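There are 2 protein chains.
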Amino acid sequence: MRIGIIGVGTVGGGVIEIIEQKRDEFHAKLGVLLEIAGVVAKTEEELAPFKAKGYKGFTDANSLLEDDSISVICELAGGYELPFKWITKAIEHGKNVVTANKALLAKHGSEIFPLAGQKKCHVLFEAAVGGGIPIIRTLQEALVGNQINSLSCIINGTCNYILTRMAAEGLSFEDVLKDAQKLGFAEANPSFDIDGIDAAHKTAILASLCSGRFVDFEKIHITGISDITAKDIKFVDELGGVVRLLGLYNRTGESVDVRVHPCIVPQEHLLAGVKYVLNAVYLQCDNLGPTLQTGAGAGKLPTASAVVADLVSLARSTETGHIEPLPMGWFQKENSATLVPIGETSTRYYFRFVTKDNYGVLSKIAGILGENKISIESILQKNIKNREKVDIVVTTEKAKESDVQTALAKIDSLPEISEKSRMLRFI
Amino acid sequence: MRIGIIGVGTVGGGVIEIIEQKRDEFHAKLGVLLEIAGVVAKTEEELAPFKAKGYKGFTDANSLLEDDSISVICELAGGYELPFKWITKAIEHGKNVVTANKALLAKHGSEIFPLAGQKKCHVLFEAAVGGGIPIIRTLQEALVGNQINSLSCIINGTCNYILTRMAAEGLSFEDVLKDAQKLGFAEANPSFDIDGIDAAHKTAILASLCSGRFVDFEKIHITGISDITAKDIKFVDELGGVVRLLGLYNRTGESVDVRVHPCIVPQEHLLAGVKYVLNAVYLQCDNLGPTLQTGAGAGKLPTASAVVADLVSLARSTETGHIEPLPMGWFQKENSATLVPIGETSTRYYFRFVTKDNYGVLSKIAGILGENKISIESILQKNIKNREKVDIVVTTEKAKESDVQTALAKIDSLPEISEKSRMLRFI
Numbered sequence: 504m505r506i507g508i509i510g511v512g513t514v515g516g517g518v519i520e521i522i523e524q525k526r527d528e529f530h531a532k533l534g535v536l537l538e539i540a541g542v543v544a545k546t547e548e549e550l551a552p553f554k555a556k557g558y559k560g561f562t563d564a565n566s567l568l569e570d571d572s573i574s575v576i577c578e579l580a581g582g583y584e585l586p587f588k589w590i591t592k593a594i595e596h597g598k599n600v601v602t603a604n605k606a607l608l609a610k611h612g613s614e615i616f617p618l619a620g621q622k623k624c625h626v627l628f629e630a631a632v633g634g635g636i637p638i639i640r641t642l643q644e645a646l647v648g649n650q651i652n653s654l655s656c657i658i659n660g661t662c663n664y665i666l667t668r669m670a671a672e673g674l675s676f677e678d679v680l681k682d683a684q685k686l687g688f689a690e691a692n693p694s695f696d697i698d699g700i701d702a703a704h705k706t707a708i709l710a711s712l713c714s715g716r717f718v719d720f721e722k723i724h725i726t727g728i729s730d731i732t733a734k735d736i737k738f739v740d741e742l743g744g745v746v747r748l749l750g751l752y753n754r755t756g757e758s759v760d761v762r763v764h765p766c767i768v769p770q771e772h773l774l775a776g777v778k779y780v781l782n783a784v785y786l787q788c789d790n791l792g793p794t795l796q797t798g799a800g801a802g803k804l805p806t807a808s809a810v811v812a813d814l815v816s817l818a819r820s821t822e823t824g825h826i827e828p829l830p831m832g833w834f835q836k837e838n839s840a841t842l843v844p845i846g847e848t849s850t851r852y853y854f855r856f857v858t859k860d861n862y863g864v865l866s867k868i869a870g871i872l873g874e875n876k877i878s879i880e881s882i883l884q885k886n887i888k889n890r891e892k893v894d895i896v897v898t899t900e901k902a903k904e905s906d907v908q909t910a911l912a913k914i915d916s917l918p919e920i921s922e923k924s925r926m927l928r929f930i
Numbered sequence: 504m505r506i507g508i509i510g511v512g513t514v515g516g517g518v519i520e521i522i523e524q525k526r527d528e529f530h531a532k533l534g535v536l537l538e539i540a541g542v543v544a545k546t547e548e549e550l551a552p553f554k555a556k557g558y559k560g561f562t563d564a565n566s567l568l569e570d571d572s573i574s575v576i577c578e579l580a581g582g583y584e585l586p587f588k589w590i591t592k593a594i595e596h597g598k599n600v601v602t603a604n605k606a607l608l609a610k611h612g613s614e615i616f617p618l619a620g621q622k623k624c625h626v627l628f629e630a631a632v633g634g635g636i637p638i639i640r641t642l643q644e645a646l647v648g649n650q651i652n653s654l655s656c657i658i659n660g661t662c663n664y665i666l667t668r669m670a671a672e673g674l675s676f677e678d679v680l681k682d683a684q685k686l687g688f689a690e691a692n693p694s695f696d697i698d699g700i701d702a703a704h705k706t707a708i709l710a711s712l713c714s715g716r717f718v719d720f721e722k723i724h725i726t727g728i729s730d731i732t733a734k735d736i737k738f739v740d741e742l743g744g745v746v747r748l749l750g751l752y753n754r755t756g757e758s759v760d761v762r763v764h765p766c767i768v769p770q771e772h773l774l775a776g777v778k779y780v781l782n783a784v785y786l787q788c789d790n791l792g793p794t795l796q797t798g799a800g801a802g803k804l805p806t807a808s809a810v811v812a813d814l815v816s817l818a819r820s821t822e823t824g825h826i827e828p829l830p831m832g833w834f835q836k837e838n839s840a841t842l843v844p845i846g847e848t849s850t851r852y853y854f855r856f857v858t859k860d861n862y863g864v865l866s867k868i869a870g871i872l873g874e875n876k877i878s879i880e881s882i883l884q885k886n887i888k889n890r891e892k893v894d895i896v897v898t899t900e901k902a903k904e905s906d907v908q909t910a911l912a913k914i915d916s917l918p919e920i921s922e923k924s925r926m927l928r929f930i
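Taken in sequence, the protein lines are chains A and F.
Residue numbers for the first sequence, in the numbering used here: 504 to 930.
Residue numbers for the second sequence, in the numbering used here: 504 to 930.
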């Protein structure tokens, strides 16, 4: 199988490395031959080391896209517009595609997949979500006989690293972020990760696979982790939980509830043990009960391994047989899932109110919560020595988000409240 | 795809149920039609409910095996000799096979897989190991580009249930076993599970897939859990660990180290969170780092789900295309893996010595351990009020099993030792 690789950065370099290592083994054991027909990079400088090894190198992707001897394009460049053009052109030329580009799929999947369906081309993307976790394969193949009722995932390693260290070391978000940047666990411009965008891209893809309908990334409620404080993490610990940024999918009748935000996860939940840069996907299906898959979410070789697994699958599907692509034509705007608006969702809540003086304020808070149909489950009051700044932590029974927002706005306008109230949702 | 189902007990009944539920969905979404051509049971009585629903029922498996219109035999009867004959005959007739029978594969896989290779038949067995965990698919497809350096699995739900409850409730093995039997978590004759045989069947299959060589079940060191005491579990807890029955595979040069025995797993290890009947597989691979998959290991519908996923894969491989079976011909006695003898393995150890009187005995024990090149890591001494029965718990640095056996035999012959010493290995 002749492969064209666009993008020879970290992941692309890793893919080439693994193919070099394992090519003979794949050939001997599986009867498939992975042959790198050419590589594309932005500059001759980037191409130089690959040309030195004997690969054909180009700075123009069309050199691969227009080569009829190439049956697969491996898009590992990242970004949106150019990759979209390349992939579209590859499919129009009848080529199969392997990509690790979750942002592209979240944004343009509704154009790419139906086109691939028409042209009977495979588009494989195991590496796009949770690098070392074979979650795409699991959803598409292993759980083909199961209905996914809910999915909860830790799918951004940077956020999980920051939250784990904040809890373990009692540090502030800012301090851990700075250190994570130094250590290479967070980008210089971290907003894509810490604001939950990357997690939402991946969650949108997973939610589409779970529901069999197109889940539009643009419609997902997203809250990042930059407002999480060391104090809240400590209170949550006292309550027997940990804070994790989760991507959530819940089937609710005909609609789907898809969200990305920090969550309180009880210590005994399998997701609570998923620490630092690990990713994890927790599923609840009919006929099966809960399952968890956890592993490296990103990184050169984990992601490259997933790309190579897709290439081998593809080679087996097209070289030793002629298996039809999995139908993904449903992944289109006309077949969009209806998302439950965030205001309509229900869960248990954690609030922290900072009050100037607690005489009487607790009854006012309790009154406002009650008026808004929010039942208190527990109350924890700290800092009682300092009457100027008393933390009141409240957890609730299941309540409706819109009621919670109304109540919090009202509470925040009380004269006794000295800081904007903090809110966290339970898983 | 016309399917013949042999065995309509729990799993077979579940498979039929799921196919009835999902047949139209599979047809509409994936273009594959799963058609149950006939079912086989031992008696007409067992067949009656299926015949009432319109299925063709037979008490002689040959009725299906000799029907050329049937392309897949689903063997869900259990046992060894008859299923082996049926599967062999099915393959000789060019039929594909789906089975959940781990005992059969551990015992006769080295005959079945090479025959299937010759006849170009698929033999799929996702349901045979860890029902709800897609571990076979993961090893064969997702990790095709990775070398598995080690695998540790919790693969018998009965044992994990018993060990979890012993720890949570401080109960004895016997008491929990009795209760587990009442509740249906253990068989009336539990030895297949508690002696580690079932775990070893599954571990042999996984180890074969990991190593690409046939790992003979008969050669695996197996220790069950019936000697585990509540006292040892409590001491292990004090040391920050839990006891789990693990199946272990380690690649060591050209040999493989495959064992099934109770292990001490540190609290912070992902496997420690796998409780009650859950199963889990923990892998360490090149290019990837550690991954864990956990989920239901057994039960009617989890196992049946895995069978159905295999049937759908097969239908896609053979109906929408003509993909060749994954080569499994290496799974034969001529290609056996060399197993490291248990005496040659090395790990950290936990010992509990029960001494009549501790004056002087500790120095004797330490002396014997030292003579046998075993370094003590920690010592914990309890019950010091009762000088007739003093527990001395010792953990060691990495030591060699044969040295440990020599040392323990010598220690057990000391006059001050009042009970056979207890030994547990660390993961």
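No lab work stands behind these hints, which were simulated from the structure alone.
There's no promise every hint is true.
Any copy, or any two copies together, can satisfy a pair, since identical chains are not distinguished.
[Stated by the list, open to error] In silico SDA-like cross-links for lysine to any residue, where the CA-CA straight-line distance does not exceed 25 Å: (1) 737 <-> 772; (2) 556 <-> 881; (3) 622 <-> 822; (4) 722 <-> 524; (5) 923 <-> 557; (6) 913 <-> 617; (7) 622 <-> 695; (8) 525 <-> 755; (9) 722 <-> 921; (10) 610 <-> 737; (11) 876 <-> 555; (12) 623 <-> 827; (13) 525 <-> 650; (14) 532 <-> 725; (15) 734 <-> 771; (16) 876 <-> 668; (17) 722 <-> 686; (18) 903 <-> 883.
Note that the structure is a prediction, hence the values are computed from the model and not measured.
> Tell me, which hint numbers fail for this structure?
Replying inline: 2, 4, 5, 6, 7, 9, 10, 11, 14, 16, 17
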